[in-house]
Amino acid sequence: MSLAGISLIVIGLLWGLGGSIWLLSHRKYRLVQVPTFAMDLLGFPVEFAQSLWGRAGVPYALLLPNMLIFGFFTFLPMILNFYVSFTGGSSISLFSRPWVGWENYGDIFACETIFSPRTCSNEGFNFWTGLFNTLVFVAIQVPLLCIVALATALVVNQNIRGRGFWRAMFFYPVMLSPVVIANIWNWVLHRKGVLNEGLGGAANAMSSLAGMTGFDIVASVFFAILLMVASERALRSGHEPSVAWTSAFGVLFLAVFTWANPLSLLGVEGQASFWLGLVLALGLVWIVSVGHGVARMAIFAASLIAIALLLTIQFDAVFDFGRFRPINWLVTPDTGWAMFWLVFVFCWSHMGFYMLILLAGLQAIPRDLYEAAKMDATKPSRAFYRITLPLVMPTLVVVLVLSLIRGFQVFDEVWLLTGGGPGRETFMMVQNIYETAFTGQTPDYGAAAAGSVLMAIVIAVFTFFQLFITRRQSEL
Amino acid sequence: MTTLSTFLTRTKGRADRRGGIGAQDVLTYGYLIFGVLIILLPVLWTLLSSVKPERAIDNFDTRLRPLAPIVAEIEGVGSKELFIYTDDAGNETNVFKAGPTRVITDVATPDQPTAVFQVPKDQLQIAEEVRIATENYLDPILKRNGQDNFTFFTYLFNSVFVTVVATLITLLINAMAAFALSKYKFRGRLTFTLLIVATLLIPSSIILVSLFFVVWSFGIFGSLWGVIIPAAATPTGVFLLRQYMLTIPDELLEAARMDAASEWRIFWRIVMPLSLPALSVLAILSVIWRWNDFLWPLIVLISDPAQHTLQIGLTTFSGEFDSDFHYILAMTVVSLIPITLVFVWLQRFITTGIATTGLK
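Line by line, the protein sequences are chains A and B. Position in the first sequence (from 1) plus 3 gives the number in this note's numbering. Position in the second sequence (from 1) plus 1212 gives the number in this note's numbering.
Fair warning: there could be bad hints in the mix.
[Said to hold, decoys possible] Below, in silico cross-link-like pairs of lysine-lysine (DSBU-like), each with a Cα-Cα straight-line distance of 35 angstroms or less: (1) Lys1333(B) <-> Lys1292(B); (2) Lys195(A) <-> Lys1309(B); (3) Lys195(A) <-> Lys1355(B); (4) Lys1395(B) <-> Lys31(A).
No wet-lab data here; the hints were simulated from the structure. Since the structure is predicted, the reported quantities are computational estimates derived from the model, not experimental observations.
Using the sequences plus the hints, can you model the full thing?
Structure follows, in C-alpha cells:
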C-alpha cells in the first residue's frame, strides 16, 4: 500500500463518514431527501468551509480540487522537468537519481555544426533531427491548415443549401481517433492500395487515349474552347472582370503554360515553367481582384499568350504517362512523399475544428457592414480584403497560435503512420522524447527531460514571436 | 425522408439573390463536394474493405464488391474452388481443377467428378460470389480462430470508463472553479485566474517525462486513474464555463441566500442547471479528448493489456498483425462506430455548440 493509497483512504473516510455525521447532526433530512443528502455529501468540504470561515472561505474550497490537479499534474511536472534534466541514470525514484549538471544539455549540443545533425553525438542527432523535421512540418502545415480552414469557413458561411450538412461533414474527422485515422490512411496509401490503383488506372486510360490518332488536334481544340469560354465569361460579366471566372482561367493558363514549357527554349529545364506560370496566374487573379485599371488588358493579353502557347503543345506527349509504377508513399526515402502525406493527413483530421472557430469569427461580423458595402457597389473581393479579413483577424490569430502549438506537438499520426521513417525523415521532437524516455532498454529520463525543456523554449519563442508580430490584432 | 430533404436544402441568411446558378455557385459547390469526397472516401473505402474476405484483402482486390471464390463440396474429392470454363463456342461451364495448374489443366465438372478432361489454362476463370465476410468482425470479438489478442469488450469498457469518469470529474471540478472565479470577490482571484491562463500555455507533451515521475510516485501509474486524474482539470473548460457563468444574474444568487441556502446548494441547484448549455459543450469536448487520447495512455497503460483502452488495444493489435489487414480494418471500423454514432446523433448540437461558445 503506497502513501497515496493510505492518504486516499483517510480522506475518503473523513469525507464519507465525517461528512455524513456532520451533515446529519446539522440538518434534518427526510427519507425522500436521499438525493439531496448525496448532493450535500459531495459538496461536504465546501459546506464545511462555509461553516468554518463563512462565505469568504467558499471560493477557496471551490477552487481547491482544480488547483490541486493543476498543481500536482501541471506546475509540479513543469518545475520537476528542470530538475530531472540535470540528473542521469535510469532510476524511477526521484531522490536516487545522480546529479549530472549540464551533461544532458552538453550531449545535445555536442555537435561540430548544429545545422547538420550527422556531426552530433547520438542524443544530439536525435534532438536536432527531430527539431528540424518538426520545423519543416510546422512551416508547411500551419499556413496550409489556416488557409484551407479559412477558405472552407468562407465557403460554408455563404448562403448555401444544406450548410449544416457540409459543416458537419468537414468536422467529422476531428471526432476520429489517431489510430483510426492512421489505419484508414495506411490502407489507402499502401503500395498496392486503392490510391495507387486509381492513379494507375487513370494514367493508363490517359496514355491509351493519348495514343489514338488525332488526339493532339482534338485536345488542342478542346482546350482552346475552354480558354475562350473562361476568358470571355471573365471579361463579359458586369463592368469589371469577374474574379471567379478569372480564377478558372488562371488554372487553365497555368496548365497550358506548364505543358508548353516556354522556358525550355531559353535552356531552363525542370519545373521552372510551372512556377513562372503560377506566378503569372496568381498575379492575374490579384490584378483582377483589386480592380486594377489594366485588368481587362491583362486577361486579354494572357488569353492571347495562352492560345499561342497552345499551338506549340504536343498533347499526345503531354498525356502519355508511360507505364505507371505504384509509389510506396510512406516508405520510399528521399522523395518527400512521407512528409507530404503526414501534412495532408494532419490537415485532413484537424481542419474541421479550426474551420468551426473561424466560422464563429465570420458570423460575428455584423451583416450591415456588407449591406453598406453593397450600397456603395463594392466588389466582393474588395469587401473581403477591407471587411472580412480585418474583422476575422483576431480569430485567425487564435487559430494560428493554437495550430502552431498543436503542430509542434505532432506525434500520434506520425508515429502510427510512418514511425518516424523512412530513415529519420519524419522523426519529430515528441517522438524523440517518447522514445528516449519510454521505449529503450535503458530509459534515459534525463536526456528526455532536457529535450523537453529545449522544446518548451522553442515553442515559447515561436508563440511569443507570433503574438508579437500580430499584437495589434491579437486579443489573447 | 422529408426531414432529410428539408435538412439538406435549408438555407439561412440573405434571401435577396438573383436566380440561376452563377460561376460562384459552381465554384462553391464544387469546392464543397470535392472536400466532402476527400473526407468521406477513405472512410467509406475502409468500411467497404472491412467486409471483404481475407483473400480479397490479401490480394489488394480493389473492386467495390466483396467477392470471394466459390468453394463447392465435391463427392469423393473434397472441397474445391470452382472455375468457369469458357469453351471455343462461348459456352460456360462450372469446373474444378482435378490436377495441378499447367498450360493445359485437368478439370472436371462437379456433377461428374471422375470425368476428367483437359482445357487450356487461359480459358479458365475463377468463379466468384458476393460474400460479406462477417468473420472479420466476429473472429476477434468472439475470440475464434486463434484471435484472442483483441479483447474488445475489455478495451471498450476501459475506454468508456475513462471517458465517462474523466468527463464527470472534469465537469464537476471545472464548474466549481468557474463558479468561484465568476461569482465571488476574494483575495487572490486574479492570481488564480492567471495561474489557470498559464496552464493554458503549457503544452502537455513537454511535461511528459516529469508527469510520469509524479504519476508514478502517486501510485496510479499503470491504472486507468493515471489517465483520468492528470487531465481532469482543463483550463479551456474553466474559461468556457466562467464566461458563461458571468452572464447569470447575481440577483438569483442573492435571492437564494435570503432563503438561507448554503453556497454549495446555490451552486448545485441554481448555477449548474443554468449553465447547462456550456456544460454540455464542455462535456462533448471532454468526450472527444478522452476517447481519442493517445500518447499519455500509451505511456501509462501499455504494459498491462487488461488496462488497454480501445485506441491502445487497436495500436498493439495492428502492430502484432501487420499482415492481417482484414482483422485490422474490421477492428478499425468497430472502434470508429461509437464515436460516429454519437456524432450523427449530436452533430448539429456539437458544431453549433463549439462555434457559438467561441472556444478560444
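Against the structure, the hints:
no.: 1; hint: Lys1333(B) <-> Lys1292(B); result: 17 angstroms, holds
no.: 2; hint: Lys195(A) <-> Lys1309(B); result: 29 angstroms, holds
no.: 3; hint: Lys195(A) <-> Lys1355(B); result: 29 angstroms, holds
no.: 4; hint: Lys1395(B) <-> Lys31(A); result: 28 angstroms, holds
The structure is consistent with each of the numbered hints, conforming to all of them.
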